[in-house]
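With the hints as your guide, set chains B, C and D onto chain A.
Chains A, B, C and D, in that order, give the protein sequences. Last residue of the first sequence: 414 (the numbering used here), numbering continuous. Last residue of the second sequence: 414 (the numbering used here), numbering continuous. Last residue of the third sequence: 414 (the numbering used here), numbering continuous. Last residue of the fourth sequence: 414 (the numbering used here), numbering continuous.
Hint data in this document are derived by calculation from the structure and do not stem from the laboratory. Certain hints may be false.
Remember, identical chains collapse to one label, so a pair may be satisfied in a single copy or spanning two.
[Said to hold, decoys possible] Below are the BS3-like pairs computed for lysine-lysine, each with C-alpha atoms no more than 30 Å apart in a straight line:
hint, residue 1, residue 2
1, K169, K361
2, K60, K376
3, K143, K99
4, K60, K99
There are 4 protein chains.
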Amino acid sequence: MPGNSFGHMFRITTAGESHGPGNVVIIDGVPAGLELGVEDLQPDLDRRRPGQSKIVTQRKEADEAEIMSGVFEGRTTGTSLAIVIRNTDQRSRDYGDIKDKYRPGHADYTFDAKYGFRDYRGGGRSSARETNVRVAAGAVAKKMLLTMFGTRIVGYVDQVGDIKANIEKPEAVTLEEVEATPVRCPDRAAAARMIELIERVRSERDSIGGSAVVVASGVPAGLGEPVFDKLKADLGRAMFSLPAVVGVEYGVGFGVVTARGSENNDAFVAERGRGAEGPSGRGGERDAGTEGQRDQGAEAAERQVGVDSSLPSTPWPLGPSAPLLHTATNRHGGMLGGISTGMPIVLRCAVKPTSSIPQEKPTVTSTGEATTISTKGRHDPCLLPRFVPMAEAMVAIVLADHALRQRGQRGWGG
Amino acid sequence: MPGNSFGHMFRITTAGESHGPGNVVIIDGVPAGLELGVEDLQPDLDRRRPGQSKIVTQRKEADEAEIMSGVFEGRTTGTSLAIVIRNTDQRSRDYGDIKDKYRPGHADYTFDAKYGFRDYRGGGRSSARETNVRVAAGAVAKKMLLTMFGTRIVGYVDQVGDIKANIEKPEAVTLEEVEATPVRCPDRAAAARMIELIERVRSERDSIGGSAVVVASGVPAGLGEPVFDKLKADLGRAMFSLPAVVGVEYGVGFGVVTARGSENNDAFVAERGRGAEGPSGRGGERDAGTEGQRDQGAEAAERQVGVDSSLPSTPWPLGPSAPLLHTATNRHGGMLGGISTGMPIVLRCAVKPTSSIPQEKPTVTSTGEATTISTKGRHDPCLLPRFVPMAEAMVAIVLADHALRQRGQRGWGG
Amino acid sequence: MPGNSFGHMFRITTAGESHGPGNVVIIDGVPAGLELGVEDLQPDLDRRRPGQSKIVTQRKEADEAEIMSGVFEGRTTGTSLAIVIRNTDQRSRDYGDIKDKYRPGHADYTFDAKYGFRDYRGGGRSSARETNVRVAAGAVAKKMLLTMFGTRIVGYVDQVGDIKANIEKPEAVTLEEVEATPVRCPDRAAAARMIELIERVRSERDSIGGSAVVVASGVPAGLGEPVFDKLKADLGRAMFSLPAVVGVEYGVGFGVVTARGSENNDAFVAERGRGAEGPSGRGGERDAGTEGQRDQGAEAAERQVGVDSSLPSTPWPLGPSAPLLHTATNRHGGMLGGISTGMPIVLRCAVKPTSSIPQEKPTVTSTGEATTISTKGRHDPCLLPRFVPMAEAMVAIVLADHALRQRGQRGWGG
Amino acid sequence: MPGNSFGHMFRITTAGESHGPGNVVIIDGVPAGLELGVEDLQPDLDRRRPGQSKIVTQRKEADEAEIMSGVFEGRTTGTSLAIVIRNTDQRSRDYGDIKDKYRPGHADYTFDAKYGFRDYRGGGRSSARETNVRVAAGAVAKKMLLTMFGTRIVGYVDQVGDIKANIEKPEAVTLEEVEATPVRCPDRAAAARMIELIERVRSERDSIGGSAVVVASGVPAGLGEPVFDKLKADLGRAMFSLPAVVGVEYGVGFGVVTARGSENNDAFVAERGRGAEGPSGRGGERDAGTEGQRDQGAEAAERQVGVDSSLPSTPWPLGPSAPLLHTATNRHGGMLGGISTGMPIVLRCAVKPTSSIPQEKPTVTSTGEATTISTKGRHDPCLLPRFVPMAEAMVAIVLADHALRQRGQRGWGG
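For reference, chain A alone in the conformation it holds in the complex (with noise of 0.2 Å):
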């Protein structure tokens, strides 16, 4: 298990380095006959790739996809699909420098500490170019889940530095709201200051770090397990699986560490509608409790959510006689006991400042002298930019994985 794959009925399975050929990723359990096509992938392969704005790396990069496999006729053969995406510019001068040097903040000495060797080129395998199959992988899964259960999947830049946006419900923001600024943040007066932020820090040949928001609407309850495998559980693995992330939190998140149970339990409200009637039976009226129960700190309200307007129903049957709830509000963030609620499931994730800076700092050579070093190249002043569409990536493969996982444990309701 060289840890190459993510997911189970819902798998990926990576390959390629920064200054290789390429990147390949095989999905394998894509259900049949779903609709797709390169259109599908590029995208989010756009949101994802190097040179699309001022604010982000300058590296030339079309990341076009070619799906090798698994579409006949414009649909899913039910068999693996192979996507390959070619590295175009490579440059490889600009990393001759740091072939014998350890660069701070990065996996090169880890790599050798683990491998006795290592492929030196822009950081190799470890080098967050890995991430564009994942997004390919990622928008085969999203528009799975969407075609399934409505889900839509919105990631957003929640804070740069110290700039922080003003998001009332995360549930709410819309995808053309995300791209209408290049900080993919929604909140149109922080984005700009943010975007400032980003270009004065580039300036000073420094980076910044900041945080994501993502949110995935129309999750139907019911998906995660209760012991290892809770959502939460594989969704943090997601999410700290990519680049630079070091926290990670859902609903309230470090919020609760100050909280009491009485104001931190969400209250059961239920649907007019039954769950029992199925897919269809969702004509109930819904009191929404808006302004739900606030939370005492401000940090911890900040990252608080409303009810979301569009539940799933659940395609299983619920108990025999089970209600479709929902919540007044929403600190738990759409789990509960590792299992989908059906509200809103809302993380956070604390995403690093970027290492390669233009600075000269010390370090030690790969035969230990002390020496110093400026990271040349291209290189984001801040991730979380182009951070959204990789988060977003990851969150749909593992709600696709355990959505695939749950109908077969359950199979469709009827």
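Only chains B, C and D this time, still in chain A's reference frame:
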């Protein structure tokens, strides 16, 4: 993959409910020849068990383990090891009234949504009771890691409500300091206030959240895989697989959001001894950069750790001439590129307040009627004291798994 | 992956040795709501247990199962199900002399080569005693398959030494016919001679090999994956995972070596009812091609099967207008391209003679000295009678796993 | 788990169809530092490719591999290795008429039953074309095993129709002997008759079955797990995962059915050198018990093998004082208790005659009408010559996986 297994080369599979006959774990992959007996399991089980002190639940469970297989003449055989812990104090009558009501914050509703059916006694499989066998398995993993590498894993309570421990060097905290108070906080003054707070919260029929830190010292560099099975990813999944965990962070964690790369990158420093000499070649003194590089944010600074005084070597060969390194500071929390650096691994978990509180609160019945519920039974007013051994166990299991995986990939040095 | 788990969506994990406290299985993935109790497990356990008749080992073991979890109020909960079977008749004294000698044909030497250490009591983990929990798990799988699809799995002894059963239609053999004699051969005349042979072999302090056939009828078309997880591959792994199995074949099996394509291809025949009508749409009569197409080789002919009279429908939708088919003959053994056709699955296993025989034979001590050994203890002179329920169990577990996997990929029809 | 991956520590994942853009394999787990280039892959690819001789299919495919990742400066990096082989000669027109008809013996119907949809061009994913990337991966595994242990894996055609090769010592057959004739039978006289038979069969518009033997010599003792992942189980799964394989046996295989334990147990013989001395301590001569103990059945006797002249040591420590052993005969086929003994592993596969034959035969259309079909296109009249490298590849992949797993569990000796 219904999710009751965790790990690959060192793999645990569990079963059991709160009020069934008992809990079972099968541990697969313990190397042959490790000295092991129930006496190795009991100390951690005692740290986790109910009734251990006044500030935890008073349910009476001895949590005595029986080893059913895999040990012969006091040593592991290399074949699978089964451990059974029987439930003794089941008092099902305490739980009868939750049969038909969904407890807020609990998995009652999500279990019905997932399975259409649930064992309502004490939460069934969603009860934290399942963690007793995780702790038993963790004790085996700890012993294996200690024997192989001298690794030590120590967790402690970092914060309860507003009361925060003041710990200068997380990696210097000892098990004895942790166990000195029932709240498992090594800062004695803070511990006293935490206990006071927990007792007050209980008297107010409420519960309170908190956070815990786990530190693994003596972890060899090179554990973890570069993409999906990053060590931070697998540790993250492990932590989020524990009940009530809603946030996880490494090193400075969410403190990176406001940090710049120029301050966030930990500088590499060469050891005087050289890694290439192999496991026994660690003769040199080390420049312990104890003062470190201070974090600017106050919160992040509290989580910063200095340099461990007993870094492990790597038992596998480093690159041909690669030096053994440490970093002057440990903002990165012991992992870069998802692979251990040899610095202490430091993580922090946010644990929500116990959902079960004896206050009358509104909820919904399993037939969709509005009602109220007051969760009776014997619950922890704060989960943190008993959370510490659970978190340590899961960290140990992840590290044991990656240690064997890395040995499979690289072999030992020589 | 130390190899004590089997399956994916329906997964069993086992532990236990011949002379330890007992054996344990955790079954992960049993769908919720299946009626289940120990009474479902005991019949097959009784078919496998020692001492059941004069022609098997006389070790005394009741093999009584305890369900530790996963069943509530008589139904499965969907969470993991643990079953414990304690050893009672251990007589370790029987095995003391094999501590220092390698028994020919046994795993004593290979365990030392693998682990450097072994539990020598009765073979430890290599004892066939581990199969008791497989049989218990198989009983759960059988019940699930019967409930879902009406699948029935029946095995029987096909040959012992030179005595071959004459079975016209393997798929028509009933459990009652099999259980009518202690040797589990439904051909009464052959059974009598087999028993006589086994008794003679035992009186001669020897053992004898044989073969068994397992037939699974009522398996829906569409189970199995096209490449590595072909149904024949997973069934093959399952059979070879049983002790003493050294050959496995499907349909005409090794009979294909001398066959031509023009005779070996089974012709498709359309059902009168149509598959597209779904599970209940099987109203039509069928042209039972009972005489079939005879195999030219005598040996292969004996393995040929006719047409089952109760083919299952597929619970998932066939192609848009696809017909429900059968084949006029079943030389292919129920699978094409690794996927079930809906025809009976027919496989045959070669089982070697018991390695333990009470004859003095040369061997080597664990310190390398030449010596002799005569294996005392209470051994089966022929493994076949007790092999039948083990093989049925493993077939059931493979089919249960693939049924849930296929349901995950396709859902039920409608 | 849709089944396009194989193995655990050395794991391959594949994608691709007969008439899609190409086939892809990702190999995960190749240890770092192995010298590797496409020149290591091409020889086995050439042994498998169509058009290599007159007796195989005349489809034109160069089967040239491109390594997309995982190799840097001529050595493996330890990260995942992707290999792409593009299809060039696709001639889809050959397959147009099978769009609406189910070919007897093929997976057309089962694909429709499974997926409700299929890529009908040349069998799509069910085509043996998918094995080209398995062969490429197998070449990597072979090189790893040769480098680590000196393991050599050689397969050959054992029988075609009634013509059986006379091979005294399977473990003595060399690659050169195998490659000396296009039919890959090292018995020259038999090979000539096999070729004649294959040509006659083709002229008669028919196909013919056969069997192949694979021998792995130089496999260290200790590979394989005691229960489900027995080496014979994983090898069995591997063989049955190949198209057209309907029978697998080890050592004397089905010959055990009529054997007695007193004759079937291979006697252990101590090596003069001692295993406890470790990898380099193999100085002693060996008593090659070449005549062995003859099997009574003629068929079984032909499969019996003598003693290999270059047994591997175990690279992990044996038991404290355990001797290095061989067996006087090798009826057991190199594995006991599912674990390698150090003797040559010998297995035999039954391969059915090609299902595609250019004779008009009755079948059913995909709308259920009776019709006839004559499979045009360019097919192998006998699959065996091209089967040999596929079978070798899968044996190599299984052994590579178990070698790394065993190293993870035990480490190297010393």
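Quiz prompt | Alpha-carbon proximity context of K60 and K99, limit 30 Å | solution = within (22 Å within a copy, 43 Å between copies)
Quiz item: With identical chains treated as interchangeable, where does the CA-CA distance between K169 and K361 reach 30 Å or less: within a copy, between copies, both, or neither?
Solution: Between copies, since 25 Å is at most 30 Å while 42 Å is not.
Quiz item: Using 30 Å as the alpha-carbon threshold, which applies to K60 and K376: within, between, both, or neither?
Solution: within (16 Å within a copy, 48 Å between copies)
Exercise. Indicate which option fits the pair K143, K99 if close means a Cα-Cα distance not exceeding 30 Å: within, between, both or neither.
Key: between (41 Å within a copy, 28 Å between copies)
Violated hints are absent here; each numbered hint is respected by the structure.
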